[in-house]
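Colleague: If you want the building blocks of each chain, they are given just below.
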Amino acid sequence: MATTLTVNGKRHVISAEPETPLLYVLRNDLQLKGARFGCGLGQCGACTVLVDGKPVQSCDFPLSAAAGKAVLTIEGLSGNGRPHPLQQAFIDEQAAQCGYCVTGIIMTAKALLDTNPHPSDAEIRAALKGNLCRCGTHQRILRAIRRATASGVKA
Amino acid sequence: MTMGQDVLRKLPGNLNTNRRLDRWLRINRDGTVTAFPGKVEIGQGILTALAQIVAEELDVALERLRLAPADTTYSPDEGMTSGSQSITDGGVALRYAAAEARFLLLQRAAVRLGVSLEQLSVADGVVSARSGGSVSYWDLATDDLLAREATAEIAPKPASQHTVIGTPAPRRDIPAKVSGAPVFVHDLDLPGMLHGRIARPPSYDARLVELDEAEVRSLPGVVALVRDGSFVGVIAAREEQALRALARVKRLARWEEKTVLPETTDPRFLLQEATEDEVISEKRDAAAAARAAKTLEAEYTRPYIAHGALGPSCAVAQFENGRYKVWTHSQGIYPLRNDLAGVLAMDKERIAVIHMDGAGCYGHNGADDAALDAVLLARAVPGRPVRVQWSREDEFMWEPYGPAMVVKLKAALDSTGNIIDWTEDIWSNSHSTRPSGLGGINLLAAWHLAQPFKPSPPRNPPLPGGGSHRNGIPLYEFPNQRVTNRLVKRMPVRVSALRALGATANIFAIESFMDELAAAAGADPVEFRLRHLKDPRARAVIETVAAKAGWRKGEKGDGARGRGVGFARYKNGACYLAVIAEVEAGNNIAVKRVWAAIDAGLVINPDGLINQTEGGIIQASSWALKEAVRFDRSRILTSNWDDYPILTFEESPQVEVTIVNRPELPPLGAGEGQQGPTAAAIANAICNAMGVRLRDMPFTRERVMAALA
Numbered sequence: 046m047a048t049t050l051t052v053n054g055k056r057h058v059i060s061a062e063p064e065t066p067l068l069y070v071l072r073n074d075l076q077l078k079g080a081r082f083g084c085g086l087g088q089c090g091a092c093t094v095l096v097d098g099k100p101v102q103s104c105d106f107p108l109s110a111a112a113g114k115a116v117l118t119i120e121g122l123s124g125n126g127r128p129h130p131l132q133q134a135f136i137d138e139q140a141a142q143c144g145y146c147v148t149g150i151i152m153t154a155k156a157l158l159d160t161n162p163h164p165s166d167a168e169i170r171a172a173l174k175g176n177l178c179r180c181g182t183h184q185r186i187l188r189a190i191r192r193a194t195a196s197g198v199k200a
Numbered sequence: 002m003t004m005g006q007d008v009l010r011k012l013p014g015n016l017n018t019n020r021r022l023d024r025w026l027r028i029n030r031d032g033t034v035t036a037f038p039g040k041v042e043i044g045q046g047i048l049t050a051l052a053q054i055v056a057e058e059l060d061v062a063l064e065r066l067r068l069a070p071a072d073t074t075y076s077p078d079e080g081m082t083s084g085s086q087s088i089t090d091g092g093v094a095l096r097y098a099a100a101e102a103r104f105l106l107l108q109r110a111a112v113r114l115g116v117s118l119e120q121l122s123v124a125d126g127v128v129s130a131r132s133g134g135s136v137s138y139w140d141l142a143t144d145d146l147l148a149r150e151a152t153a154e155i156a157p158k159p160a161s162q163h164t165v166i167g168t169p170a171p172r173r174d175i176p177a178k179v180s181g182a183p184v185f186v187h188d189l190d191l192p193g194m195l196h197g198r199i200a201r202p203p204s205y206d207a208r209l210v211e212l213d214e215a216e217v218r219s220l221p222g223v224v225a226l227v228r229d230g231s232f233v234g235v236i237a238a239r240e241e242q243a244l245r246a247l248a249r250v251k252r253l254a255r256w257e258e259k260t261v262l263p264e265t266t267d268p269r270f271l272l273q274e275a276t277e278d279e280v281i282s283e284k285r286d287a288a289a290a291a292r293a294a295k296t297l298e299a300e301y302t303r304p305y306i307a308h309g310a311l312g313p314s315c316a317v318a319q320f321e322n323g324r325y326k327v328w329t330h331s332q333g334i335y336p337l338r339n340d341l342a343g344v345l346a347m348d349k350e351r352i353a354v355i356h357m358d359g360a361g362c363y364g365h366n367g368a369d370d371a372a373l374d375a376v377l378l379a380r381a382v383p384g385r386p387v388r389v390q391w392s393r394e395d396e397f398m399w400e401p402y403g404p405a406m407v408v409k410l411k412a413a414l415d416s417t418g419n420i421i422d423w424t425e426d427i428w429s430n431s432h433s434t435r436p437s438g439l440g441g442i443n444l445l446a447a448w449h450l451a452q453p454f455k456p457s458p459p460r461n462p463p464l465p466g467g468g469s470h471r472n473g474i475p476l477y478e479f480p481n482q483r484v485t486n487r488l489v490k491r492m493p494v495r496v497s498a499l500r501a502l503g504a505t506a507n508i509f510a511i512e513s514f515m516d517e518l519a520a521a522a523g524a525d526p527v528e529f530r531l532r533h534l535k536d537p538r539a540r541a542v543i544e545t546v547a548a549k550a551g552w553r554k555g556e557k558g559d560g561a562r563g564r565g566v567g568f569a570r571y572k573n574g575a576c577y578l579a580v581i582a583e584v585e586a587g588n589n590i591a592v593k594r595v596w597a598a599i600d601a602g603l604v605i606n607p608d609g610l611i612n613q614t615e616g617g618i619i620q621a622s623s624w625a626l627k628e629a630v631r632f633d634r635s636r637i638l639t640s641n642w643d644d645y646p647i648l649t650f651e652e653s654p655q656v657e658v659t660i661v662n663r664p665e666l667p668p669l670g671a672g673e674g675q676q677g678p679t680a681a682a683i684a685n686a687i688c689n690a691m692g693v694r695l696r697d698m699p700f701t702r703e704r705v706m707a708a709l710a
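Chains A and W, in that order, are what the protein sequence lines are.
First residue of the first sequence? That's 46 in the numbering used here, and the numbers climb one at a time after it.
First residue of the second sequence? That's 2 in the numbering used here, and the numbers climb one at a time after it.
Incorrect hints may have been included.
Stated by the list, open to error - To give a feel for the contact side, a few chain A residues facing chain W, derived at Cβ under 8 angstroms: (1) Glu-62; (2) Leu-86; (3) Leu-117; (4) Thr-118; (5) Gln-142; (6) Tyr-145; (7) Val-147; (8) Asn-161; (9) Thr-182; (10) Gln-184.
It should be emphasised that the hints constitute simulated quantities derived from the structure, not laboratory data.
Virtual Cβ for every residue (Gly too), placed ideally from N, Cα, C.
One chain only, chain A, in its complex shape (with noise of 0.2 angstroms):
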């Protein structure tokens, strides 16, 4: 079964079953591996990705959904090699522990400030609701989520 998609801009061609979750396509197909196993189940978010702008996880997600549709992953967010403004943010406030969460939480905020560019606090917590972070870095991704906001970023 071939499925054809278009991911970060370029279009794929990818021959597996079609039930396949889209989470490892894009990681053993493609080799993009910034979204991350977390659950297989839809609960952690940790595979956030978005497809036609809209964040889903992508572990729970199947390969004919995302058929002629635009995927975006985090690698697809940096232009040139310099760090999206999402991206730099998190740097600047150093908001990662372990790291492991990061790229899905990156995804989601991409998504929630391309439709809401001025979140409320309340408004980022509540965008955050499907993702899950361990090392208890909550409040560093938080800010780094408000300073991308408040550096007027057009994600």
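Got chain A sorted already, so can you dock chain W onto it with the hints?
Modeller: Okay, now just chain W, sitting in the frame of chain A:
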């Protein structure tokens, strides 16, 4: 001089067990310096701090530092990265090694420039003579420079000369981690790599009695099925094919299960178990005891708590030409190698264990077990690397939890409200069942093989660091005191080291009880602690946090909101930490704000210390409010995040950390000091807010309602 009879002089930190300088450092001709730490990054930022130490002592820019990944083929054996000991053991070793390397370079420079040592100064690796002339480390260094034993006779710089140590340094690993680069062992993708999954039994002692192996082998992409006793693994070309094969095994396999788990998840079942008792502190003053005017008793518990790494454990292994290569996020590559060699019955020199980052572990989780899983699968497909990824369910059901504990306390106050007698009894399993224990193999799959290995007998690391009795002895000064550790040997639930070991429950109990006693004495909890504490550093963190939080003497909550204090010196020998937590009762108990003051002696990376302290406080808030592993008589019932909720972004508190800086004093371990004081401060805040005393973690809505009823 006679040879061979001198006992080796003790060298600082892990330099003592890894004495050659070139085990730790290499000065490269290309203008870089490579450090070889045996300690590993587990999200605590240790590699950044170690780089700062080397840059400081060598007088080179931080950017010149390279850190070699820990690897049994060349790294110093630093045992485990655990117990908040990486700065005090590993950092100190690198500090002395770098100071000595600098001295050796200066000696060479003096000869080269024809001047005395006193004439020389160094700036970023360039040695200059006062009279003119200079030469760089990169020109002076040769392979033999550090090919010698350390003497540790060159004193590291005094704090007054520090320019790198004590200055916030950005974490070296964060840019790559936010970029999505393949930095985790989970991301390793070797040519020809296959994907493995393990079909774990449904319960601890379940035995595999039937499996149609042929049917599994016939599935698309399946390369091998490995079955050895009750250990079953599948190997497939593609990851989703391995998952499908796993699902089929789970459907086809018939297991024989037993009832082996405790009757109840209430930790009080421990009170019925046989124990090995040890009085760990005893003080008697009969005259003081005779002044007893009021006596209080209370019992506190902590349930089994899961590490719950966000990324389930993973490992990659390759078997080729009679040798194994294993990539792992283990906290101890050498101890892991010992146990792998034991299972494989082979010379450990034929196994290379290489560390790569994993998700934060907070102690002994499934990392080492996954490494053996990968090895057992790789053995079946020589030449091909095999990646084993644990599922969420594997991690939750099979990781060794932080043990459940019960702490009973009894104390007497005199008529002036001073504690004159303190009796404490601690019930717990061992908190240390890591690999490389004596007399057994501490790796999960080894217990399921047709020729099974036995785990090593549980051990309780000795005081002062301690295991179940870590922080069991209060830092407060009481004229009469008796603390007894009651070690429960039988371990019906798999347990091991979780961040802070027994300190969490012991400090939760001691600090909750201090508040109960303060109330009985009609005293303010901050003042009450200070009156029982002599150590000026302990007093300073409590006074600092009280000032930062604007603590008002005798402050009372308003029925919904309240604040509480908690304090400990971690391990009674590492960092001092005091916290004040503010809670608000709504549908659930919410921790809104936490203030903390920490004294960790000389601080290498202040931002790293703050990050760790914030993280520990937020994680401990999650433990305190929400977390407990559930099980019935045969099975663990906690298998995913719905079963085991943790603190979310909507629930996370605001945390303000103040460092009480002591640059002139030795660095103190600080990665785990937050857990106990935070749990206690929350319990005390709940009592301050609502007048109910919660003595069982976690402090759920149900428990608050029950206490109010």
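Colleague: What hints, given by number in increasing order, does this structure fail?
Modeller: 3 and 8
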